[in-house]
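Number of protein chains: 2
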Amino acid sequence: MERVDIAIIGTGPAGVSAALTATNRNKSVLLLGSREMSEKVAKAHEIRNYPGIPMVKGSDLAAAFRDHLDRAGIAITEKRVGAVYAMGDYFALQIGEEMAEARAVILATGVVQANPLPGEKELLGRGVSYCATCDAPLYRGKTAAVIGYSPREEAEAAFLSEVCSEVSYFPMYKEETSLPEKVRVIREKATGIAQEDGRRIVQTEKGTYAADGVFVLREAVAPDTLVPGLEADGPHVRVNRKMETSLPGVFACGDLTGTPYQYIKAAGEGNVAAISAAAYIDTKK
Amino acid sequence: MERVDIAIIGTGPAGVSAALTATNRNKSVLLLGSREMSEKVAKAHEIRNYPGIPMVKGSDLAAAFRDHLDRAGIAITEKRVGAVYAMGDYFALQIGEEMAEARAVILATGVVQANPLPGEKELLGRGVSYCATCDAPLYRGKTAAVIGYSPREEAEAAFLSEVCSEVSYFPMYKEETSLPEKVRVIREKATGIAQEDGRRIVQTEKGTYAADGVFVLREAVAPDTLVPGLEADGPHVRVNRKMETSLPGVFACGDLTGTPYQYIKAAGEGNVAAISAAAYIDTKK
Chain X
1 MERVDIAIIG
11 TGPAGVSAAL
21 TATNRNKSVL
31 LLGSREMSEK
41 VAKAHEIRNY
51 PGIPMVKGSD
61 LAAAFRDHLD
71 RAGIAITEKR
81 VGAVYAMGDY
91 FALQIGEEMA
101 EARAVILATG
111 VVQANPLPGE
121 KELLGRGVSY
131 CATCDAPLYR
141 GKTAAVIGYS
151 PREEAEAAFL
161 SEVCSEVSYF
171 PMYKEETSLP
181 EKVRVIREKA
191 TGIAQEDGRR
201 IVQTEKGTYA
211 ADGVFVLREA
221 VAPDTLVPGL
231 EADGPHVRVN
241 RKMETSLPGV
251 FACGDLTGTP
261 YQYIKAAGEG
271 NVAAISAAAY
281 IDTKK
Chain G
1 MERVDIAIIG
11 TGPAGVSAAL
21 TATNRNKSVL
31 LLGSREMSEK
41 VAKAHEIRNY
51 PGIPMVKGSD
61 LAAAFRDHLD
71 RAGIAITEKR
81 VGAVYAMGDY
91 FALQIGEEMA
101 EARAVILATG
111 VVQANPLPGE
121 KELLGRGVSY
131 CATCDAPLYR
141 GKTAAVIGYS
151 PREEAEAAFL
161 SEVCSEVSYF
171 PMYKEETSLP
181 EKVRVIREKA
191 TGIAQEDGRR
201 IVQTEKGTYA
211 ADGVFVLREA
221 VAPDTLVPGL
231 EADGPHVRVN
241 RKMETSLPGV
251 FACGDLTGTP
261 YQYIKAAGEG
271 NVAAISAAAY
281 IDTKK
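If you're matching them up, the sequences are chains X and G in order. Residue numbering for the first sequence follows this note's numbering, beginning at 1 and increasing consecutively. Residue numbering for the second sequence follows this note's numbering, beginning at 1 and increasing consecutively.
Any given hint could turn out to be false.
Chain copies aren't distinguished; within one or between two, either way the pair holds.
As the list claims (entries may be wrong) - Here are the computed lysine-lysine pairs in the BS3-like style, where the Cα-Cα straight-line distance is at most 30 Å:
1) K142 to K206
2) K27 to K40
3) K285 to K57
4) K174 to K284
5) K174 to K189
6) K40 to K242
Hint data in this document are derived by calculation from the structure and do not stem from the laboratory.
Given these sequences and hints, build the entire structure.
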């Protein structure tokens, strides 16, 4: 099991900045996210106000971040965090089927753009899951429906199709899908999730589809779902100027902490979160 | 007289970031500072945690900022602000012997590293001045002492020597000075300012020197000296997460708002200050 000083969840500007500064402060980090960095950054047309990098395409800024991490010797662990539990002296992170331990946690997961679907929160943990890697074993030989908010989620659906008897995929985006034949793609926007006779029902604008398990896959989950006990303010985490959340040892930065949703603001907050997290760890020694 | 939407004081990462974002938001800006940018940035040996610009020399980061401003069509006005007055609907800025008006003000002046000299605050406005350009006329044909905290202040001493009968210069730094012959350089560290028989006395570690006027020239002045009525917290300005100060329409960002003194933190705050200032102006329309 991996044990680090600081677990950083998210590879947007906030998470990258936090990882660079934490490493500079001689703290070991576990940076969880995607080598493609933040989808929001990578897709930005042109960013004009990231000081020092004039008129940069989002994909180029994402590449610059990746290069910076590489040069600083910081690896990205491409796994999704299912949950973070405060254990007193440390935090336990559920990462796929594995666990990791960290002395402090920095949340940089971005803001949940979509509202939860009707029924989603109510059925979470009772047939509705946010993590294919974690919960696929529960649906071995059974049927699953996947509501995917970005093409990046297709890999999870493909993985489920190796385990489940049947997988339906509801893309919540316009791009072409690229999925194994076994996955049935249903081009209808999901509008809600219900329960009927012990099975889950995906409701769309055009019909209803039954499945044993429903996976709702987005880049970010609501912060208080990820970290039980965290004080949230709608889709945002409450923080002070030191980027401290309501839970000692848990810090947050970036879009997750509120508007403005700006790259340089997120990067600045990541720096502050890392310095606060390092100081928190040092006081515990 | 110049009239703008937002006056931004300071050309470190905070001020540069604020100027870029304010311009992006279609606000006119008056950016006051130095084309050499922040002295602290320009002199930094290597900056390792400004995401996207790996392992950059301070002078290169300063050049990147300058280039970014140039490309965005933002000019730097190389003048020192003497004071900022809240006039109700707008702010009046005393800039040298001129005035300018702004609908909102963003302070990004950095933190005052040096403590004020004993006697400095007490005699400010009574023989002690922070601004040669503003107050030189008061000492025409008289004697002046200049306590300069950086080689950049030498230009002010040179200017004073054109107006005053005698100028003594006390460099508070180690670099060689480059001053007109008429200026008497005294290589003794100033330790205080006093008053005696209607003249000012510069006290050094080795002796005392009388002058009619004493100019104390630093890159930054205490924020509540610059903006009367501003709520300060020691050398820092009190701000909330929106970078609002205690005065409506006045925003602050960067080192001025407190630790950590980090470039990316300052740049992030400049962005937030600009967006808050733009919103403030829009609500006043």
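| In ascending order, which of the hints set out earlier in this document are inconsistent with the structure? | Hint check: 3, 4 fail, others pass.
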